[in-house]
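Could you build the full structure based on these sequences and the hints that come with them?
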Amino acid sequence: MLVTGDCHRIENGAPTTNVPRPPDEKPGTLNLFAMDCLSQFKMGLYYVVQRIHSRRYPLVDSERGVVWAHSVFDQGTVNEGVLADGTKHRYNGFNRPSSILVTEAFLIDDGKIRRVEMIGPSATYHINSPWGGLSGN
0 MLVTGDCHRI ENGAPTTNVP RPPDEKPGTL NLFAMDCLSQ FKMGLYYVVQ
50 RIHSRRYPLV DSERGVVWAH SVFDQGTVNE GVLADGTKHR YNGFNRPSSI
100 LVTEAFLIDD GKIRRVEMIG PSATYHINSP WGGLSGN
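For the sequence shown, numbering that gives the first Met the number 0 assigns the number 0 to the initial residue and increments by one for each residue that follows.
The hints are simulated quantities; they were obtained by calculation from the structure and are not laboratory data. Every residue gets a Cβ at the ideal spot worked out from N, C-alpha and C, and that includes glycine. Be a bit skeptical, because a hint or two may be false.
With a cut-off of at most 20 Å between alpha-carbon atoms, the simulated SDA-like pairs for lysine to any residue come out as follows [claimed, not checked]:
| id | residue 1 | residue 2 |
| --- | --- | --- |
| 1 | Lys25 | Lys111 |
| 2 | Lys41 | Asn94 |
| 3 | Lys87 | Tyr46 |
| 4 | Lys41 | Asp5 |
| 5 | Lys111 | Gly27 |
| 6 | Lys41 | Lys111 |
| 7 | Lys41 | Gly110 |
| 8 | Lys41 | Leu82 |
| 9 | Lys87 | Gly27 |
| 10 | Lys41 | Thr86 |
| 11 | Lys41 | Tyr90 |
Cβ pair distances, simulated, as ranges [claimed, not checked]:
| id | residue 1 | residue 2 | range |
| --- | --- | --- | --- |
| 12 | Arg54 | Asp23 | 37 to 45 Å |
| 13 | Gly92 | Lys25 | 18 to 26 Å |
| 14 | Gly80 | Val59 | 27 to 35 Å |
Structure below.
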């Protein structure tokens with residue numbers, strides 16, 4: 000994945016990257032929200048998303064560098080994993096199957112993702128997107 004060094008992600012109005020660490024945080028604490036976009040992916044922190052389907056890209060504005068996308072994220076069937084550095088990790092609260100109807104806007108700068116803004120309500124596990132998808136499922 001090509002992203003800028005300052006890539007920033009916002010989900011449902013809350014920043015999920017580049018959030019300043021609390022002053023009382025213990026050294027060595029894995030803080031997902033303090034990382035940038037690329038570091039989160041390289042660390043393997045998105046193992047909870049088991050399947051992405053019904054992808055659509057209804058708007059691609061190459062002049063402004065914006066891509067608007069729809070998809071469905073299936074998650075909750077796996078809430079424990081091993082990160083890229085070998086650390087065992089667990090997401091509490093991801094212990095029931097559910098999906099997210101994802102709408103994302105990507106800001107592209109020189110062929111790299113600079114910003115991601117996502118909104119996504121929770122939905123029934125493995126729901127089909129009401130907009131369909133490129134793969135037909």
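Can you list which hints this structure breaks, lowest number first? As far as the earlier hints go, 1, 2, 5 are violated by this structure, in ascending order.
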